[in-house]
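The whole structure should be built from the sequences, with the hints applied where relevant.
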Amino acid sequence: MARTLINAPSTARRGEVIEVRTTIAHPMETGFRPGSDGKTLPRDIIRRVSCRYNGELVFSAELFSAIAANPYLAFHTVATESGTLVLSWEGDKGFSHTETIALSVTG
Amino acid sequence: MKIPGRALLLALAVLATGSGASAQTPAGGDSRRSGFEFMGTSTQAMQKDDALNPAMLWVKDGESLWAQPAGQSGKACVACHAAASSSMRGVAARYPAFDERLSRPLTLGQRINQCRQHHQQAATLRAESQQLLSLEAYVALQSRDLPLAPPADARLAPFRKQGEQRFLQRMGQLNLSCAQCHDQNAGGRLGGSLIPQAHPTGYPVYRLEWQALGSLQRRVRGCMSGVRAEPYAYDAQELVELELYLTARARGMAMETPGVRP
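If you read the protein sequences in the order shown, they are chains A and B.
Residue numbers for the first sequence, in numbering that gives the first Met the number 0: 0 to 106.
Residue numbers for the second sequence, in numbering that gives the first Met the number 0: 0 to 261.
To give an idea of the chain A side of the interface with chain B (calculated C-beta under 10 angstroms), a few residues:
1. Ile5
2. Arg20
3. Ile23
None of these hints come from the bench; they were simulated from the model.
Since we're looking at a predicted model, the values are computed, not measured.
We put the beta carbon where it would ideally sit given N, CA and C, even for glycine.
Set out below in structure tokens:
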């Protein structure tokens, strides 16, 4: 289970632009560095991050080797109706992590 | 900075020509400055905002470890100490402190391991392990913004003196002492990086170079291999003594844990 920090409002007014800020613990091993035995360490990075708001894709990003460990990503979306934001991170070595945020929209 | 060798040669050139900038001299009486003030604005922003600070990943871990039973006693930290937010407030600011049982000073991390061994009857955590750093960061977070308050315990004095001597003593193939950079040339540059005054206000810190959280001992060991000295082993008495001196030197400065450093 990866460790994550998620910052997002739990309530918002309809039509309000909300910011979601995420950090996930991940080594983001580039695939270019030699290990202590001199052999290149295999790449182990998060390749894709996405966020679905009530099933609809509202944000996605592709990450590459140049991204530092424990990647931080922030993005905005418009609060349309109450529901859930499902964040998911997918990467090498079958890495997969999902977090769900509940959002209640008023007005 | 992955090439400390080259950076140090540059620093040597600076020392040799005597053109190193002197320590920052602000208007106030206290010329001590936290490493925070030597960082770029983006790194400062990272430390100031808990949502941006990656060290909070470890803090969050520490928070769950605090409540998780360990060892044969089946007790969690919280069983004896109750909520860390009240019981641990100001504790990290007093470490290293003198331990009666061992008759020597212990760092916060060593204290946590003593607790695990004697009260929880659990295996000690390895130095720099994620679990130990997480607990340390969580405990130290409770002292954030409090002034560093090293105890006035007379039994610590000889150890602190030893630490001071070690701070002033030249070491390694480059034959440099801690004081030559951090007292005499603080504010100057070592290659591309500003030399801070070496006040341990934010430990354990998330260091961008490490891309992870690390202790003051890791930082000091890094400096030692930088001057091509043989670093003391983790938890060696020498490192604890240095930490004692450094905290006394930074007495009264505000704790920033969990800090972010370049």
